[in-house]
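Student: With chain A held as given, fit chains B and C onto it using these hints.
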Amino acid sequence: MRNFVRFLFRRHDVQIGLIVVIMAACFSTISSGFLTPGNLMDMLESYSVMAIMAAGLLVVLISGGIDISFAAIAAVSQFLVAIILVRFGGNWFVAFSLAGLFGALLGVVNALLIYYLGAISVIVTISTMTFYFSILMFVTQGKSIYNLPNWFTSDISVLAIPFPVVVAAIALLLTLFLVSRLTIGRQIYGLGGNPEAAKRMGCNIVGLQCFVYGYSGFMAAVAGIVQAHRVEEVVPYALIGRELDVLAAVVLGGASLSGGVGTVSGTVLGIVLLAVLQNGLTLLGVSSYSFGVVTGIVILVSVSATAYAAKRQRKRSIRDAI
Amino acid sequence: MRLNASERGAFAMPSDFAPDSQVASRVRFAGFLPSDPTITMLGGLIAVAVLVFSTLTPNRFLSADTLRAIAFQMPELGILSLAMMVPLMSGGLNLAIIATANCSALVMAAILTRLIQPSMPSPGVAAIIALALLAGMLTSLGIGFLTGVIVAFLGVHPILVTLGTMTLVKGAAVLATSGTVIAGFPPAVLFLGNGTLIGFPVSLILFLLCATIVAVILTHAPFGVSVRMIGSNERATRYSGVPTEWVLVGVYVVSSLLCWVAALLMMARFNSASAGYAESYLLITILAAVLGGVDPFGGFGRVLGLCLSLVLLQVISTGFNLLGFSPYLTAAIWGATMILAIVIAMVRDRWISRSTR
Amino acid sequence: MMVPRELAEHDQPEPTPAFVEMLGISKRFSGVQALRNVSFTIRSAEIHCLAGENGCGKSTLIKILAGVYAPDEGTIILNQQAHSHLSPAASQRAGVQIIYQDLSLFPNLSVAENILFRRHLAMPSRLVRRAEIVKQAREVMARLGVNLPVEEVVGRLPIATRQLVAICRVLAAEARLVVMDEPTASLTHHEIDALLETVRGLKAHRIATVFVSHKLEEVMRIAERVTVLRDGSKVGTYPASEINRYRLTELMTGQKFETSLKPAFSSKTPPILEVRGLTRRGHYEEVDFLLRPGEILGIIGRLGSGRTELALSLFGMNPPDAGEVLIGGKPARLPTNRAAIRHGIGYVSEDRLSLGLVMPQSIADNIVISVLKKLTGVLGLIDGGRRRKSVNHWIDELHVKTRAPDRPVQELSGGNQQRVVLAKWLATDPRILILDSPTVGVDVGAKVGIYQIIDALAARGIAIIFITDEVEEVLHQTNRILVMLSRRITATLDPGKVTERELREAISA
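Protein chains in written order, with my numbering: chain A, 1162 to 1483; chain B, 3 to 359; chain C, -12 to 496.
Derived by calculation from the structure, the hints in this document are not laboratory data.
Take the hints with a grain of salt, since some may be wrong.
Unchecked claim - Keeping only pairs whose Cα atoms sit at most 27 Å apart, straight-line, the calculated DSSO-like set for lysine-lysine is: (1) C:K388 to C:K361; (2) C:K190 to C:K122; (3) C:K122 to A:K1360; (4) C:K243 to C:K360; (5) C:K376 to C:K360; (6) C:K388 to A:K1360.
Stated by the list, open to error - Covered stretches of chain C (in silico footprint by chain A; criterion: 3 or more residues with CB under 8 Å from a CB of chain A, positions within the stretch not fixed): (7) 59 to 73; (8) 310 to 319.
Unchecked claim - Facing chain C, a subset of chain B residues (Cβ under 7 Å, in silico): (9) S234; (10) N235; (11) A238; (12) S242; (13) P298; (14) G301; (15) P329; (16) T332.
Source: prediction; values computed, not measured.
For each residue, glycine too, the CB sits at the ideal point set by N, CA and C.
With the rest of the complex left out, here is chain A (with noise of 0.2 Å):
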């Protein structure tokens, strides 16, 4: 039993689980307002998007690469769609699968890059994320779409869930059935965790790469969509610059930029420590000019941490170590 919950402690999601317990006990102690459905509910409704993105990029770190590309695909695929919609017409089936090819197709030239051309995916998607961007405001000259249709601005929820909510749990479901229980995802852990193993054991290196990628880019894609609708406009540069801070929370969630380390429960977790954090500040009146603060020293003590943990592991045995 002793060894059941030291086992239990040291995993990363429970770790990071426990601190969200704790730190929801205390804000929810000092300000009544915490705990309550509407609040919680905002509290995710607010970072879907975020979490939309970080099933996407989890599974782009799992296989060793990293993707900085993904905002920049969600922004162009969210205009795209954007002028579609706008022009034609359509429904949310039309909005999401046109979005989704578009984010799917842009993260596979992303892939297509990398392994052809055997550079490493952190250049090649700076790249692809300069370009992408930039052609998306060279083409909009920055500036916004705001006429978008009724239907797609206007407020759902089923059964009291928002929407967005909605399809941020759709979105890491799948993304959860796709790692654990498909033979593909398993692929995938395998990719990052021994690439030359996997070529050796005959996995299509260049199709997982094109599947990883591409499901980087569809789900961003769908988070740029989710965006959209909740701020009822499409603005070119409105995703731009949230690439690391989605790097920021999948990370927390224990995923390893070395690849092969990741799970969808932790990251999860990464996303809802940082909501509560915010939250929870935002609700004791502490001013919302210091999330940053807040958000930098949390990623650092986390990295931090683990890294001491696992250096001290490192020491006991000496033969791995030297």
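Tutor: For chains B and C alone, coordinates are given in the frame of chain A:
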């Protein structure tokens, strides 16, 4: 150990295993500027770009105005790229460079705007400027030191650490200013951004000075050699007795100090400081460094390559500007140039490996 | 001296049917003849060793068998069918499975997932049948008679257990021939015994095993035949019973090596290094010894005996819990390796690739890295002239075979790389040099060159600690032998008064 001439050959092997006896006499060092394919490629790309633009805009591209535009625009991005290059060479990355520059600019701006009174005599102004510079430098130093210590002593991946310091530093700047802009500096500060010295922009001189110092440090100082060795294999370097932890702290301190210089230029050019300036430069600096031949895995890279890549990027942006294109299209071309450079490097490597086979 | 080739057993009738016959295989790479008319036959269910020095063509031969390369000439007869070359898929269909030295396991997947990766997971996407995977993994393990934690993540297992996972995986792939590349390189003595037992189990399942190695001491115990390659040609195939280590060395190198014992070391100079009751719990305990200038002290012990941990403590990288170290008669504190270097201690690591050298960087930088501070001149910058002089001096002195010190050190051969490592430490002007398995991955011929450098250093008054797990090496290259077993020094022996067999027993008791 020192060996005298009579002891030479004490390590000689039996003749069966003796290497080519000519070897020792043929040992040679490559020249001062070894032929470097990256530099050749960048030189070629610059030549092509200049040729194309001067054909498309006759009499306008090849002019003093163009040169001046390039000379004034390059230093800021250039110094920030140097700040990115040093950590890249050590196998790391510094995502906090823009935040560091803005933060230290804000510290300097606050001191300059609060303490300088209109009626103050000039020695007093000079003292306050000096105080501001010192405070800005210490701010950068502190940020770099904190980053370096976490990277070096806790072994956290630099992307994660600098993601954290970036958020923290920017957060602190936003918190302190409530997102506002601090503006209005004495002319002496503005001179750095807009003035000229014997015909050369002061900012360009500052950039060239920084580039030279970084180049000399990376190639000729024990610190620089250690940085390159760490970039290729940190553990083997530590086993050789190099204090790798402190070298890494030094890497982030140097990077942050360069951010401080960039902060000065930014203040001078905008006549203001804010928590949100120049954010679009962050990823461009990585692009510029890698385009300039800095190995993103660490260990290799030359300041000359970086300078050429900056010139190439500026030539492209100035040329497109003259053609009347939007600056956004320029950025798109920058991204495409990076991909093109990777393609050229790949084709070249394939060609080399095929011709040696 | 060349070994007459007619001793080899050529063209003998095969007593048991051949599983695969590779006949007259030749292969060229960019002007280099990697294999020249090599014939190699593996019988069903036999245990066969493929031996040869680095670059002799063994890995090319294996890659041709695995279908990675196509031979330029020759025929491969597999399952009574002749092929001019194999594809990876055809090779695997016929039951040829390679276990590479790195094992190619997924450290982040479970044991069961690793074992059945190819059968269940490397498929176009569908649902993961977890229960089925675990059940089948258990079945495979039962066939091999091992019991591994099926749900555990492979990265948390010790290396020996990982090797069993790799063997289970080839068993799950219905292997009929398993090729193991350097399987014993990172195993302790007991782990090797267990591995050999497992290989006997494979034989019981009618699976043939080929060991590819240049260090065959252990696997010779169960091998039936040995094929030796040299410079891309086959020297011969021999019954294992006719081969001993000296004979094998002769066959692999084509030369006879005269070995003689060192004259007894007698010196009354006071000890340069004295270790008293040095202990680091869990690493080594109660270590005492003396070392005099010019002496070569051998420490023999297997992997896991505490030898490397002790060496690292003396080099300041593994602080001991108790005991003291005296250097030149004075107590020395060694909290970092910088302190150790200041005390005149150098350390040549057993892991040259990742700890000894910075492979992608230049030969010159690797030589001067430890003495950068001594080469500085104006403004604390490195004096180019002095750097060049120092680099040329050591390249010259140690006969490093290179034409350009600015080339990456990874372009050198193993023996020359080791000379660069020695140059790096000699440049620090050491009084004590700790050599941890300095001839690992160095060809037999090049080893002799390293030994001679070591002798010359000792003759010059440098005290040397020579750590190794090779019995004949420690017998012939050292003045005194400490035996390290289970984290303790269990005996101090005189090379002149101990036989190989006694020494072998002492280290594996």
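Student: Taking the closest Cβ pair, is A238 (chain B) under 7 Å from chain C?
Tutor: Where the cut-off is 7 Å and the nearest Cβ of chain C is about 5 Å from A238 (chain B), the hint holds.
Student: Within a Cα-Cα threshold of 27 Å, do K122 (chain C) and K1360 (chain A) meet the stated pairing?
Tutor: 26 Å, holds
Student: Sort out whether K361 (chain C) lies within 27 Å of K388 (chain C), counting only the CA atoms.
Tutor: Satisfied, since the Cα-Cα distance of roughly 25 Å is no more than 27 Å.
Student: Using Cβ atoms only, decide whether N235 (chain B) comes closer than 7 Å to chain C, and label the hint accordingly.
Tutor: Since chain C brings a Cβ to about 4 Å from N235 (chain B), closer than 7 Å, the hint holds.
Student: Have a go at the P329 (chain B) hint: is there a Cβ in chain C nearer than 7 Å to its own Cβ?
Tutor: Check failed: Cβ of P329 (chain B) comes no nearer than 38 Å to chain C, outside 7 Å.
Student: Count residues of the stretch 59 to 73 of chain C with a Cβ under 8 Å from any Cβ of chain A, then say if the count reaches three.
Tutor: Since three or more residues must qualify, the claim that chain A covers the stretch 59 to 73 of chain C is violated, with 0 doing so at under 8 Å.
Student: Given G301 (chain B) as an interface hint, is the shortest Cβ-Cβ distance to chain C below 7 Å?
Tutor: Constraint on G301 (chain B) satisfied, holds at 6 Å.
Student: Please check whether P298 (chain B) passes as an interface residue: C-beta within 7 Å of a C-beta belonging to chain C.
Tutor: 14 Å, violated
Student: Let me know if the C-beta of T332 (chain B) comes in closer than 7 Å to any C-beta of chain C, holds or violated.
Tutor: It is violated, given that the least Cβ distance between T332 (chain B) and chain C is near 35 Å, above 7 Å.
Student: Cut-off 8 Å, C-beta pairs, minimum 3 residues; does the coverage of the stretch 310 to 319 of chain C by chain A stand?
Tutor: violated (count 0)
Student: Identify whether the interface hint at S242 (chain B) stands, where standing means a beta carbon of chain C within less than 7 Å of its own.
Tutor: Where the cut-off is 7 Å and the nearest Cβ of chain C is about 5 Å from S242 (chain B), the hint holds.
Student: Holds or violated: K376 (chain C) and K360 (chain C), Cα atoms, limit 27 Å.
Tutor: With Cα atoms ~15 Å apart, K376 (chain C) and K360 (chain C) stay inside 27 Å; holds.
Checked against the numbered hints above, the structure violates hints 4, 6, 7, 8, 13, 15, 16; every other hint is satisfied.
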